[in-house]
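Chains as they are written, first to last, in the UniProt record's numbering: chain V, 1 to 466; chain E, 1 to 466.
Derived by calculation from the structure, the hints in this document are not laboratory data. Please read these numbers as outputs of a predicted model, since none were measured by experiment. Any given hint might turn out to be false.
Copies of the same chain look alike in the list, so a pair counts if it fits in one copy or across any two.
Said to hold, decoys possible - Straight-line C-alpha distance at most 20 Å; calculated EDC-like pairs for lysine to aspartate or glutamate:
#: 1; residue 1: K199; residue 2: D183
#: 2; residue 1: K375; residue 2: D31
#: 3; residue 1: K414; residue 2: E104
#: 4; residue 1: K199; residue 2: E175
#: 5; residue 1: K189; residue 2: E401
#: 6; residue 1: K199; residue 2: D237
#: 7; residue 1: K325; residue 2: E154
#: 8; residue 1: K414; residue 2: D465
#: 9; residue 1: K318; residue 2: D373
#: 10; residue 1: K13; residue 2: E340
#: 11; residue 1: K375; residue 2: D183
#: 12; residue 1: K13; residue 2: E77
2 protein chains.
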Amino acid sequence: MSLVSAKDILDGKYAVGSTVTLAGWLRTRRDSKAGFSFLAVNDGSCFNNVQVIADKSLNNYESEILSLTTGCSLAVEGTLEASQGKGQAFEIKATAIKVYGFVEDPDTYPMSAKRHSIEYLREYAHLRPRTNLIGAVMRIRNTAAYAIHSFFQERGFMWVSTPLITASDCEGAGEMFTVTNLDLNNIPKDDKGQVDYSKDFFGRHAYLTVSGQLNVETYASAFSKCYTFGPTFRAEDSNTTRHLAEFWMCEPEMAFTDLNGCAAVAEDMLKYVFRTVLELRRDDMEFIVERVDKDAIGRLERFINADFAQVDYTDAIKILETCGKKFEFPVKWGIDLQSEHERYLAEEHFKSPVVVKNYPKDIKAFYMRMNDDGKTVAAMDVLAPGIGEIIGGSQREERLEMLDKRIEEMGLNKNAYWWYRDLRRYGSVPHSGFGLGFERLIVYITGVGNVRDVIPFPRTPRNADF
Amino acid sequence: MSLVSAKDILDGKYAVGSTVTLAGWLRTRRDSKAGFSFLAVNDGSCFNNVQVIADKSLNNYESEILSLTTGCSLAVEGTLEASQGKGQAFEIKATAIKVYGFVEDPDTYPMSAKRHSIEYLREYAHLRPRTNLIGAVMRIRNTAAYAIHSFFQERGFMWVSTPLITASDCEGAGEMFTVTNLDLNNIPKDDKGQVDYSKDFFGRHAYLTVSGQLNVETYASAFSKCYTFGPTFRAEDSNTTRHLAEFWMCEPEMAFTDLNGCAAVAEDMLKYVFRTVLELRRDDMEFIVERVDKDAIGRLERFINADFAQVDYTDAIKILETCGKKFEFPVKWGIDLQSEHERYLAEEHFKSPVVVKNYPKDIKAFYMRMNDDGKTVAAMDVLAPGIGEIIGGSQREERLEMLDKRIEEMGLNKNAYWWYRDLRRYGSVPHSGFGLGFERLIVYITGVGNVRDVIPFPRTPRNADF
Numbered sequence: 001m002s003l004v005s006a007k008d009i010l011d012g013k014y015a016v017g018s019t020v021t022l023a024g025w026l027r028t029r030r031d032s033k034a035g036f037s038f039l040a041v042n043d044g045s046c047f048n049n050v051q052v053i054a055d056k057s058l059n060n061y062e063s064e065i066l067s068l069t070t071g072c073s074l075a076v077e078g079t080l081e082a083s084q085g086k087g088q089a090f091e092i093k094a095t096a097i098k099v100y101g102f103v104e105d106p107d108t109y110p111m112s113a114k115r116h117s118i119e120y121l122r123e124y125a126h127l128r129p130r131t132n133l134i135g136a137v138m139r140i141r142n143t144a145a146y147a148i149h150s151f152f153q154e155r156g157f158m159w160v161s162t163p164l165i166t167a168s169d170c171e172g173a174g175e176m177f178t179v180t181n182l183d184l185n186n187i188p189k190d191d192k193g194q195v196d197y198s199k200d201f202f203g204r205h206a207y208l209t210v211s212g213q214l215n216v217e218t219y220a221s222a223f224s225k226c227y228t229f230g231p232t233f234r235a236e237d238s239n240t241t242r243h244l245a246e247f248w249m250c251e252p253e254m255a256f257t258d259l260n261g262c263a264a265v266a267e268d269m270l271k272y273v274f275r276t277v278l279e280l281r282r283d284d285m286e287f288i289v290e291r292v293d294k295d296a297i298g299r300l301e302r303f304i305n306a307d308f309a310q311v312d313y314t315d316a317i318k319i320l321e322t323c324g325k326k327f328e329f330p331v332k333w334g335i336d337l338q339s340e341h342e343r344y345l346a347e348e349h350f351k352s353p354v355v356v357k358n359y360p361k362d363i364k365a366f367y368m369r370m371n372d373d374g375k376t377v378a379a380m381d382v383l384a385p386g387i388g389e390i391i392g393g394s395q396r397e398e399r400l401e402m403l404d405k406r407i408e409e410m411g412l413n414k415n416a417y418w419w420y421r422d423l424r425r426y427g428s429v430p431h432s433g434f435g436l437g438f439e440r441l442i443v444y445i446t447g448v449g450n451v452r453d454v455i456p457f458p459r460t461p462r463n464a465d466f
Numbered sequence: 001m002s003l004v005s006a007k008d009i010l011d012g013k014y015a016v017g018s019t020v021t022l023a024g025w026l027r028t029r030r031d032s033k034a035g036f037s038f039l040a041v042n043d044g045s046c047f048n049n050v051q052v053i054a055d056k057s058l059n060n061y062e063s064e065i066l067s068l069t070t071g072c073s074l075a076v077e078g079t080l081e082a083s084q085g086k087g088q089a090f091e092i093k094a095t096a097i098k099v100y101g102f103v104e105d106p107d108t109y110p111m112s113a114k115r116h117s118i119e120y121l122r123e124y125a126h127l128r129p130r131t132n133l134i135g136a137v138m139r140i141r142n143t144a145a146y147a148i149h150s151f152f153q154e155r156g157f158m159w160v161s162t163p164l165i166t167a168s169d170c171e172g173a174g175e176m177f178t179v180t181n182l183d184l185n186n187i188p189k190d191d192k193g194q195v196d197y198s199k200d201f202f203g204r205h206a207y208l209t210v211s212g213q214l215n216v217e218t219y220a221s222a223f224s225k226c227y228t229f230g231p232t233f234r235a236e237d238s239n240t241t242r243h244l245a246e247f248w249m250c251e252p253e254m255a256f257t258d259l260n261g262c263a264a265v266a267e268d269m270l271k272y273v274f275r276t277v278l279e280l281r282r283d284d285m286e287f288i289v290e291r292v293d294k295d296a297i298g299r300l301e302r303f304i305n306a307d308f309a310q311v312d313y314t315d316a317i318k319i320l321e322t323c324g325k326k327f328e329f330p331v332k333w334g335i336d337l338q339s340e341h342e343r344y345l346a347e348e349h350f351k352s353p354v355v356v357k358n359y360p361k362d363i364k365a366f367y368m369r370m371n372d373d374g375k376t377v378a379a380m381d382v383l384a385p386g387i388g389e390i391i392g393g394s395q396r397e398e399r400l401e402m403l404d405k406r407i408e409e410m411g412l413n414k415n416a417y418w419w420y421r422d423l424r425r426y427g428s429v430p431h432s433g434f435g436l437g438f439e440r441l442i443v444y445i446t447g448v449g450n451v452r453d454v455i456p457f458p459r460t461p462r463n464a465d466f
């Protein structure tokens, strides 16, 4: 049995009159009194179902076909025909149908054909991909992920699998998960009564990483253009629509590239991903427009066609101070921009995506390159209309003495960064990179309001189900 | 400054006479008494260096160029010329050279131009990508990784990011890392004096996953063809050349596919990846042949051209019992095949890759499909000459009553698998999948003998450096 996909059938890859076999899950069944039934079959390869005509000449028509309910699995062998109905061009006239699995109790099947709330679906993360909405979102997620790989690979970037388990406590252990194989009922203690991590698997306190950046910088110092794309972690007790304890992040890093070069790559990448999604997942995006967000396609099209605005942080502050709008968080030089400020800039002032550059050093990380003014660093955020910050990046400090000064100012342990400092001792280069939170990107594309609904199995405070 | 890559220069993408700018790191410098120097510059985009002719007409020739040492970073602007020497077709006649970074103390630069042992390089995981060997291996790794994505994407598989943090203790907690944000110096205890995991971040004991399989099965039950490709973890105290605590695994899962269909995809995938590596990373593979393993290219070519042998476990045991060879581990029906047995089958008996199928149920996992003989399950291993097992997979048990029987036999907690069992209650389908350890694949391709040298930052017992 050689299967064809619903996508290939609906894309017209097979001629009318061909014999095909399609396997999938029943979405709906409609019976005609004339002794035949319409079956809508979905195999997940695209948004749309394939209509199957099953009639009483099938030897299991009475015994099985008439008992099929939403969610049953089956394989249909039949002849491809031009569809008489509206909508699709093709349908299958079944010559044989094999039922693989019924639904145990159709009345209690959690994914019955009626519409379910998105909160309800979350409790069935193992079954929700069978719904129209989560099906569409996850196909879009897949397309966007592969587009990210393709964008970088086509441009000569090397994918680097930076480690997830790390002993570097780079941004404060408060937000990091501990990884251990100690018996927590029987923790070994040292002579000061503290945990003896020398007895742990890695011989010291190990964590789940919050970013692959410092590691990927080492590879960019050999291969020039690299990127990571993998999971990162935050042990933040944030029960919001924007936070996950485990989420995917893409972090490119480019040698011989300054902040403006970095911003240009960020712009190209976002537009490439959006173009790819609109091209390959038009079916799913049309459903999103119909059901979730009328503007979903328009928003991406405007983004693709926009010239990104560029503004210095200092100028952005002036814009916000003088715009006459009342913000919940007061604006003055030195603050970190809040979502309301970011959205005002992108949506009301510039009316386009905007790159804000050169932030005050005191609100940014130690590794960002100090500008000549001594007050700002070469950091950038890309703000998008409708969401605010979508990308954050910076040029990295490549001068050892400046880096050391920042490490000291921020009270970090210089010795812990010996290998990161080595990059500045041996053939140091100007280099830049950024981070893209992948789930927030999918939220932006789909208009689905909660990151928990764009990742297969969300991990959040008090939730590691499935 | 618009940069070109060494790869594009050496591939002949630019015409002789073009003005180009190449940035990278110095590998070697040779001075001529006639007042010029040959600089070999590498930017990591390919194996080979670009030769640069720098002469005393450069304003920094005396002051900087003559002081350049291995590892220094620079940008060369110049004219592309046909090379007079043997080897490469192109070289750059420099019109300007900007030096970005010197090497602090060339005499102690850890990656000096001499040859270093692979164990020594491991201590400098942040600098070793600058060497010929690790450079080649990591480019091959990148090419193989993207080839895996491309193989599946071209065939309509959906990439699924299965969760790394899990509360399912699927294969015995002994080998799993705990993930926690409890203060280990002050563990909350319940009234029985045991760890009170209800106070932990996820409200229960959470782990790092050992496999995404059970999760990806849920998505294959909606999208038909899926795969995971991400990190997995083992807290095994194994200090061997084959074990990592953190390693990447690719796990495809296919609905409506039996064990033979699964084996066919495994064969196609391996051949696709090997063909891609030989095509795109010929330069690196030729270096591997020269320096690491004379047979590296030949081995892949034979693999690509081989028809995989297929043998039942039971027949494989007979072959081993009657072959007259003395094995360290005695052979009889029921044993798990050891590496020596696997290699005998692939290298001496079949002289090709071989798929061994239908293993005794008692040495296999609960989710593998029971065969009609009641003694074996529909499991398979792909054995490759020169390494043994490279892929392991199975058809999954899709019948609820059989699955429950196995869960019970193996003393597992049925309730913990409620969602996995649901797949068998609601439109269950025959389905199969396999797992490919990505680092072992790179070891196979490169002949590099230790998995620690094919992943950027290896995590092993007592080692989470960098």
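Hints breached by this structure:
Going through the list in order, the structure violates hints 2, 5, 7, 10, 11 and respects the others.
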